[in-house]
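S.K.: Go ahead and model the full structure; you've got the sequences and the hints to work with.
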Amino acid sequence: MSTQRLDVDGLLADPSTRIVVCCGAGGVGKTTTAAALGLRAAEVHGRRTVVLTIDPARRLAQSMGLSELDNTPRQVKGIDGDNGGELHAMMLDMKRTFDEVVQQHTTPQRASEIFANPFYQAMSSTFAGTQEYMAMEKLGQLRATDEWDLIVVDTPPSRSALDFLDAPARLSRFLDGRMLRMLLAPARTGGRSMFSLVTASFGLFSRTVQKVLGAQLLTDLSGFVAALDSMFGGFRQRADQTYRILQDPQTAFLLVAAPERDAVREAAYFAERLVAERMPLAGLVLNRMHRTEVPGLPADASLAAAEALTAAGDQPLVADALRIHANLVRQTDREQRVAATFIDAFPGVPTVSVTAQPADVHDVDGLRTIGSLLA
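The numbering of the sequence shown is numbering that gives the first Met the number 0, which starts it at 0 and goes up by one.
If you're looking for bench data, these hints aren't it; they were derived computationally from the structure.
A hint or two may mislead.
[Stated by the list, open to error] Pairwise CB distance ranges (calculated):
(1) 117 / 240: 25 to 33 Å
(2) 3 / 107: 52 to 60 Å
(3) 117 / 339: 52 to 60 Å
(4) 15 / 74: 35 to 43 Å
(5) 143 / 248: 13 to 21 Å
(6) 92 / 264: 25 to 33 Å
(7) 364 / 236: 38 to 46 Å
(8) 309 / 69: 54 to 62 Å
(9) 310 / 364: 32 to 40 Å
Just so you know, even glycine gets a beta-carbon here, dropped at the ideal spot from N, CA and C.
M.R.: This is the structure we're talking about:
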């Protein structure tokens, strides 16, 4: 396995590092890792830090002693601020973020029309891809204020996190799509209803779509698109700007994985994508790794000694301890082999291992422990 170790403290202390994005499969400790990084950046390196979670799980709030998280950064109390650092945390509210975007980029009257539109109400709450795009919007907002020394982003499980990366390009394709241009045609020809158009081609299109979607939904969609018409350029521009931020050296992507085949496979899949998109992959965090305090005692020798003691009827507690040691050695070897599949594929990516803890992290002290292990 590679001996190149990820210098987490160096990464967090570097003032040129402005964004850390934690990616990985579900259930690998990604949220805890993001929170621990944010806490260490604030306490040890004196940085004004905000942790943005996109994962709907509420572990982040619980671990930081907050009753809840919402779309506004909340300061975490009880941290060591002697170095001048602060820690804030927030959880993406998809609909509220969409509402804020609308309010910022259109008139109050037009915003009211948009908010009342049934299609907008559905899209801002439940449509696939909206969460990822709004995550990009929120990240862009946080970065634009220049209020934070460091922004730590806790993304959804990695396949959804790929949607996080795809959101700007997907939005641009949507805005440039043929169907959208046809839906915008009524607004751009004097605001007439789409059903009043006299062109045969569009009349055929509208009748076909009406059969599939229904007249009311199509009317809602037309009104929604017309109301957002003046905002589309801003959507695309901001999405492209945020995408460029993710490609900038000021951003560092950290992959988080547990020593399990599926989790490491997901990490490798994401690493390939980051390399292809020329995004800065800083390293891999191997979470919940096991180790033994007696590495020189192989599993087979430990089992043989246990069997010998049992056969002699001597030292049963020692025999049990030897069997436990043998199982731990085998688990450690298995985890090392699984981790090696990633390290061999990406030998240039630094790694850091975090030892498995006896209990889940549920408070700031636990986050400090994880931060120390990361460093």
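S.K.: Decide, hint by hint, whether the structure agrees.
M.R.: Here is how each hint holds up against the structure:
For the pair residue 117 and residue 240, the beta carbons lie near 31 Å from each other, so the given range of 25 to 33 Å is met. Distance hint for residue 3 and residue 107: a CB-CB separation of about 55 Å, consistent with the stated range 52 to 60 Å. Taking the beta carbon of each, residue 117 and residue 339 are about 53 Å apart, inside 52 to 60 Å as hinted. For the pair residue 15 and residue 74, the supplied restraint of 35 to 43 Å is violated, since their beta-carbon distance comes to about 25 Å.
Between residue 143 and residue 248 the CB atoms are about 18 Å apart, so this pair conforms to the stated range of 13 to 21 Å. Here the CB-CB span from residue 92 to residue 264 is close to 32 Å, well matched to the stated 25 to 33 Å. In this structure, residue 364 and residue 236 meet the distance hint of 38 to 46 Å, their C-beta atoms being roughly 44 Å apart. Range check, residue 309 to residue 69: Cβ separation about 58 Å, and the 54 to 62 Å hint holds.
In this structure the supplied range 32 to 40 Å is violated for residue 310 paired with residue 364, their Cβ-Cβ distance being about 46 Å.
Comparing the model with each earlier hint shows violations of hints 4, 9; every other hint is respected.
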